[in-house]
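The hints should help you fit chain U onto chain H, whose structure is shown.
Chains H and U, in that order, give the protein sequences. Those letters in the first sequence? Residues 0 to 455, per numbering that gives the first Met the number 0, in order. Those letters in the second sequence? Residues 0 to 455, per numbering that gives the first Met the number 0, in order.
Please note that the accuracy of each hint is not assured.
[To be verified] If the Cβ cut is set under 7 Å, some of the chain U residues that face chain H in the computed set are:
{"no.": "1", "residue": "GLN24"}
{"no.": "2", "residue": "VAL176"}
{"no.": "3", "residue": "LYS178"}
{"no.": "4", "residue": "ASN180"}
{"no.": "5", "residue": "ARG182"}
{"no.": "6", "residue": "TYR185"}
{"no.": "7", "residue": "GLU189"}
{"no.": "8", "residue": "PRO278"}
The hints are simulated quantities; they were obtained by calculation from the structure and are not laboratory data. Where is the CB? At the ideal position from N, CA and C, for every residue including glycine.
2 protein chains.
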Amino acid sequence: MSDFQVVVVGAGLVGALAAISFAKQGYSVSVYDVRKDPRKTENAQGRSINLAVSARGLGAIKSIDASYHDKLVARSIPMKGRMIHVDGKEDSQLYGLFGECIHSIDRSQLNIDLLDEADGYDKVSLHFEHKFASADFDNHKAVFTSKASNTDVPVHADLLVGCDGAYSAVRSAMMRVQKMNLRQEYIEHEYLELSMPAKNDDYQLSPHHLHIWPRQEFMLIALPNPDKSFTSTLFAPTHLFKKTPDEAVAFFRDVFPDALPKIGEDRLREVWQKNPVAPLIQVTCAPYHYKDRCILLGDATHAMVPFYGQGMNCGFEDLRVLNTLLEQHKVTPQATWELGAALEAYSAGRKDDLSAILKLAMGNYIEMRSSVTSRLYLARRHLDGLFGRLFKDSWVPMYSMVSFRDDIRYSDVIRRQARQSKILEALLVSAGGVLGLSLATSLLYRAGRVIEGVTD
Amino acid sequence: MSDFQVVVVGAGLVGALAAISFAKQGYSVSVYDVRKDPRKTENAQGRSINLAVSARGLGAIKSIDASYHDKLVARSIPMKGRMIHVDGKEDSQLYGLFGECIHSIDRSQLNIDLLDEADGYDKVSLHFEHKFASADFDNHKAVFTSKASNTDVPVHADLLVGCDGAYSAVRSAMMRVQKMNLRQEYIEHEYLELSMPAKNDDYQLSPHHLHIWPRQEFMLIALPNPDKSFTSTLFAPTHLFKKTPDEAVAFFRDVFPDALPKIGEDRLREVWQKNPVAPLIQVTCAPYHYKDRCILLGDATHAMVPFYGQGMNCGFEDLRVLNTLLEQHKVTPQATWELGAALEAYSAGRKDDLSAILKLAMGNYIEMRSSVTSRLYLARRHLDGLFGRLFKDSWVPMYSMVSFRDDIRYSDVIRRQARQSKILEALLVSAGGVLGLSLATSLLYRAGRVIEGVTD
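Here chain H stands alone, though its shape is the one from the complex:
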């Protein structure tokens, strides 16, 4: 019998880690991607989008490739909290109760690193500029179109792993043979990437924060880069991007007067004209597998808005969850009889968690752009943190559950948070009641004095 062939479609972050993961387990892996090899293109390296990697992403990498995990952490910039910019003032809100950080990393660099790692395995072959065309799952066949020769390349695929993103072509192929629920939703907000260059070879803002300029309906954020610049992003309702470059500058002067000089008026004008405004989309589907022939991972099953910084983290966690199930079902390259059962367990078990994180991601947009400035939110947050410190494992603030714990499932985050919220609200209402009562008493007392003709 020939080797069991795993074919990964998509050489992005999740695809590259999937290749490493399957190779580590002894499978022969070939990876196909429609794009050029990012290690050989100037362009991809030039674009500095950064990501925040946190516990779930790091935990998954550690479980797959411990040595790379340490390299990654060393290279990242720890961000210990949000810096809220309101009225020209800065307010640091720490993420963790015990010094935990999320880690800002360069997306392209991470992708290149993971591909280099994958390429180091004899069992892995990488094929760029090959577009997934079709699959005949039942006959173990996938077809790719080579961009160079414009010819179809048939490939033997015992297991096809679709890591090809929100608009996954593998998912579309799977939908032809598998009944699948699908939801694709654009929200009425879009985003534009800006940047804040280094000044006098130094960061213009604290490099250990994720900076937010919350303005209720829209917000500006900034994440640090190793070259001492910040990558900044404006998230706003679609109509705001219809402004001319000059109107945009006036708008920034009005609403982000402290951020504008850091970006620069000319740069803003240029970027506003040149850079594409990108949509915000959520896509999810179910199930994620077809028999023992195909599995979808990453954005193909859970493209989410970026507000919880969990897109990649969740994609890496997909792999950790899958690996656990492969182990439980004793699936190895030599013994794949239970592969179908393992994939079925993956589809059944992962569903609630993926719908939970999509919900959390959307909810965090409102928190970031609006709630963070409310007094009630701050009071609640204070109490939440206090309880988190007091009760440790039995009380974990939501942000910590999502970002600093990979042993709490996303669906459990929602369940636990609902319970914690109820308690916090009850306490705040009682506190409000006591406050209100004493205020009312004092007002009545004063009213009485006024009636009696006695004034202060």
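Coordinates of chain U only, in the frame set by chain H:
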């Protein structure tokens, strides 16, 4: 300037009526369909699926082609109500308060008729066995693959009208250029078509009813055909279809003892083995148009479960609504400047109605298979009908709003029904209260007598 070319993809019910509609308005229309011409295939005519056409479908046909409307009504079988089969007994529940009917028609025959009508127009050309391959909307181009020659046929298309159903290829093409929300959902129930042949050249059941055997989690229904047979359908949770043919017969003997002899055990065994079990899917998207270049109609935007008998009716209504907007925007073959605005108004205005009918369709499954047997439902229905007769236009039972009125939008049906439901519930609760009070009084009185030592 050459003629404005309308290209309709899909020669099903909505596609054929769309061709007639555009031709009537003076457009040049070409219709492409991947299937063979149903007028030339034995197969399609042999299959007797029937549909219920009601006010919205009839109204739309009348507005487009009044002469065909009369032909259609004459050929259909009026169904005046549901016949509920429980415990071997029949209970007739009329649909309308004023004698209104829905009309059972043969789907294939209707399709053939509409195609014949369309073919009668000089301005219409029909092309079968041509598969939609791609579109370059901005350059007015669509490409079809001819099945006969296996070659690509480029077609000039000023307006592409996608009437190609739930899995619309035109919709997929539009999604490449237009941000689109999409939701595709399979429900956990499926269906199987059976039949009840004529007996002694007569119907085995009342031909003027839609017959239902409601059994809470599943149901059997039957609609009359002109040849005195019934087309019957079993709707049930997926797992029920895993039974062997013998188990199926035993199951029918147990739960449908009165229906089984009408189907026949041997026929059931045969059909259970041979006929495909079909999924139940809901698909919807938004928007429905791309600039002035493309519009989606029918199942491509609102594939729904069949329980309100509104799939085709809603598709025909799409055309009536579109025509009204084309007229309001003064769009003609010679003056199409406002076409984009008309299509935009269609997308904006039709959205609430389509999501309403999808919701109503799903809700009616529970009503048909379960509620219809409940006492409270019947009490409510009685009161609902009473008010409908008393207050006429200001109180219309939901079924009547959906099926007998084409002047009440689906979204208004939901709004009006919510108001009516509140009133009905309040009345039933009060009635229950009065009943309860009198019961309690009488019990207390009796208790008093018992305590006093006086017994009846």
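Could you check the structure against the hints above and give me the numbers of any it violates, in ascending order? Violated: hints 1, 2, 7.
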